[in-house]
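Student: Generate the whole structure from the sequences, applying the supplied hints.
There are 2 protein chains.
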Amino acid sequence: MSDLRPPEHQVAGHRAAVNKLGPLVDGAGLFYKPLQALDRGEQELAFYTAFSAHPAVPPRIRDTFFPRFHGTRRLPTAASPGESHPHLVLDDILDGLAAPSVTDIKIGACTWPPRAPEPYVAKCLAKDRATTSVLLGFRVSGIRVADAGGAVWRPDRSELKGTDIPGVRRFLRRFVSSVGGDGLDCALAAAVYGGEGGVLAQLRELKAWFEEQTLFHFYSASVLLSYDANAASLAGGSVGRAVRVKLVDFAHVVESEGVIDHNFLGGLCSLIKFIDDIVAEVSRTAPAGHS
Amino acid sequence: MSDLRPPEHQVAGHRAAVNKLGPLVDGAGLFYKPLQALDRGEQELAFYTAFSAHPAVPPRIRDTFFPRFHGTRRLPTAASPGESHPHLVLDDILDGLAAPSVTDIKIGACTWPPRAPEPYVAKCLAKDRATTSVLLGFRVSGIRVADAGGAVWRPDRSELKGTDIPGVRRFLRRFVSSVGGDGLDCALAAAVYGGEGGVLAQLRELKAWFEEQTLFHFYSASVLLSYDANAASLAGGSVGRAVRVKLVDFAHVVESEGVIDHNFLGGLCSLIKFIDDIVAEVSRTAPAGHS
Numbered sequence: 010m011s012d013l014r015p016p017e018h019q020v021a022g023h024r025a026a027v028n029k030l031g032p033l034v035d036g037a038g039l040f041y042k043p044l045q046a047l048d049r050g051e052q053e054l055a056f057y058t059a060f061s062a063h064p065a066v067p068p069r070i071r072d073t074f075f076p077r078f079h080g081t082r083r084l085p086t087a088a089s090p091g092e093s094h095p096h097l098v099l100d101d102i103l104d105g106l107a108a109p110s111v112t113d114i115k116i117g118a119c120t121w122p123p124r125a126p127e128p129y130v131a132k133c134l135a136k137d138r139a140t141t142s143v144l145l146g147f148r149v150s151g152i153r154v155a156d157a158g159g160a161v162w163r164p165d166r167s168e169l170k171g172t173d174i175p176g177v178r179r180f181l182r183r184f185v186s187s188v189g190g191d192g193l194d195c196a197l198a199a200a201v202y203g204g205e206g207g208v209l210a211q212l213r214e215l216k217a218w219f220e221e222q223t224l225f226h227f228y229s230a231s232v233l234l235s236y237d238a239n240a241a242s243l244a245g246g247s248v249g250r251a252v253r254v255k256l257v258d259f260a261h262v263v264e265s266e267g268v269i270d271h272n273f274l275g276g277l278c279s280l281i282k283f284i285d286d287i288v289a290e291v292s293r294t295a296p297a298g299h300s
Numbered sequence: 010m011s012d013l014r015p016p017e018h019q020v021a022g023h024r025a026a027v028n029k030l031g032p033l034v035d036g037a038g039l040f041y042k043p044l045q046a047l048d049r050g051e052q053e054l055a056f057y058t059a060f061s062a063h064p065a066v067p068p069r070i071r072d073t074f075f076p077r078f079h080g081t082r083r084l085p086t087a088a089s090p091g092e093s094h095p096h097l098v099l100d101d102i103l104d105g106l107a108a109p110s111v112t113d114i115k116i117g118a119c120t121w122p123p124r125a126p127e128p129y130v131a132k133c134l135a136k137d138r139a140t141t142s143v144l145l146g147f148r149v150s151g152i153r154v155a156d157a158g159g160a161v162w163r164p165d166r167s168e169l170k171g172t173d174i175p176g177v178r179r180f181l182r183r184f185v186s187s188v189g190g191d192g193l194d195c196a197l198a199a200a201v202y203g204g205e206g207g208v209l210a211q212l213r214e215l216k217a218w219f220e221e222q223t224l225f226h227f228y229s230a231s232v233l234l235s236y237d238a239n240a241a242s243l244a245g246g247s248v249g250r251a252v253r254v255k256l257v258d259f260a261h262v263v264e265s266e267g268v269i270d271h272n273f274l275g276g277l278c279s280l281i282k283f284i285d286d287i288v289a290e291v292s293r294t295a296p297a298g299h300s
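Quick note, the sequences are listed as chains A and B, same order. Going by my numbering, the letters in the first sequence line up with residues 10 to 300, in that order. Going by my numbering, the letters in the second sequence line up with residues 10 to 300, in that order.
Everything labelled a hint here was simulated from the structure, so no lab data went into it. Check before you lean on any hint, since a few could be wrong.
Just so you know, same-sequence chains aren't split out, so a pair can sit in one copy or run between any two.
In silico DSBU-like pairs for lysine-lysine, Cα to Cα no more than 30 Å straight-line [to be verified]:
1) 136 - 216
2) 29 - 216
3) 132 - 255
Predicted, not measured: the structure shown is a model, and the values here were computed from it.
Tutor: This is the structure:
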């Protein structure tokens with residue numbers, strides 16, 4: 010317990026600080042997420058509980074694309090000494106990545122559950138229209154790029170918020186580029202986005218599940234992409250566990266009423282197209298490989 | 010010209026009547042659609058003009074899924090004797106079907122172009138939320154079922170407007186059922202929805218195009234499904250030209266800004282899942298075939 014600390018590489022969401030609850034990691038593979046206020050924490054807990062045990066969820070989907078859920082634990086809070094707060098105990102999805110590059114992409118043109126209360130709908134809708142969500146079916150909520158040389162890039166919050174379509178394209182290029190120079194060389198595009206086990210292959214597997222699954226609708230959830238630029242496997246072009254695609258943030262997941270999550274699926278297809286375009290462009294302009 | 014008359018089998022949209030403009034057919038394969046007011050007519054004409062000549066549209070997509078465009082023609086109007094009104098001249102997509110069953114399915118959770126004026130957005134959004142559009146990614150805007158015996162079923166307008174998710178499922182079952190009895194026997198599900206050339210196969214081909222195309226976003230457009238219950242080919246289980254899947258209503262199509270139409274695509278995937286479920290259910294419960 011004494012080793013709990015805020016995660017170093019968080020790119021979106023609330024942060025732990027003095028007088029503020031935020032997620033913690035134990036450095037041994039676990040991530041502690043404080044239950045959120047306003048029923049959101051209870052809803053996220055209900056989702057993890059239902060999802061973890063659901064017989065219709067393919068184990069491969071659960072293991073590949075979701076953090077493993079280990080129940081809840083009350084932890085003392087720095088915010089209120091002497092008191093404790095319940096936390097979800099999850100796998101730390103960045104565990105083992107020495108210098109993680111991470112991006113949090115909120116999926117769906119619509120981030121409000123259709124039966125949500127009116128003020129919440131109005132607030133979300135305004136944000137969905139002010140960001141790229143309505144236009145693209147997703148928005149980039151956070152990004153951090155670390156390269157093998159140890160350099161790190163992250164944008165200002167204002168740069169993220171005001172992003173337009175070309176801006177999203179630049180973020181997705183920058184995510185697989187060296188940090189120096191113009192940061193858009195796409196040096197790792199083939200290794201991280203392309204190939205077997207790369208982001209594209211994983212997103213396509215996730216998409217195939219969303220074309221079928223009628224269990225949950227993932228409003229306002231994110232796809233978190235991460236990789237370790239230092240991983241020896243990346244340099245060799247084989248990615249293995251070095252490239253990760255995980256879904257996170259389930260405070261607004263609802264039951265599906267028997268229909269697919271067309272909102273998430275449409276956004277996912279849009280993201281796939283963006284990334285596929287980058288891979289295609291890089292493979293057109295790259296010099297020939299080992300021949 | 011003297012043979013122009015309102016189409017018999019229209020299931021949605023404006024109808025021609027005394028003092029009212031509406032579409033006309035010539036009975037020889039052409040459909041005349043009056044240009045709509047408020048720029049909508051001009052927008053639809055601009056779409057047909059651009060789309061017809063666009064080098065990036067695969068000819069097979071254009072020929073299979075869109076009515077062919079033959080320019081415009083001014084026609085005298087019954088509404089205002091002595092005056093004429095411009096019409097789009099299109100292929101009559103029901104031409105040659107003796108007793109067509111037709112359903113008009115408006116695709117997309119969101120029927121408003123993101124950059125539309127605010128009052129229009131508010132009006133469409135209210136309707137998208139009041140119907141199944143937001144929940145399902147589509148709504149049934151019209152349906153007419155004719156069976157081989159000549160019987161015809163169509164719902165009241167109020168029944169259509171108030172439809173919920175189970176109601177949509179019933180409409181999609183009824184569309185391929187005999188008109189008598191409870192109208193839900195799904196007698197033609199395998200022939201119309203399933204198989205090579207059936208609705209599912211055609212919708213999947215359309216979906217593959219929407220996963221790639223970044224030319225147009227089809228807000229508020231419909232997929233019109235039709236077949237002829239009298240076609241000998243249906244009885245034999247082979248559908249050929251007897252089952253048609255066409256896109257219609259392009260007054261709110263906009264350019265894509267280089268991204269896919271995730272809104273249309275998500276709705277299309279949702280519709281495919283509904284229809285796939287019906288085919289799967291029928292094939293599970295059907296007695297074995299010719300064995």
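Student: Run through the hints listed earlier and report the numbers of any the structure violates, in increasing order.
Tutor: Failing hint: just 2.
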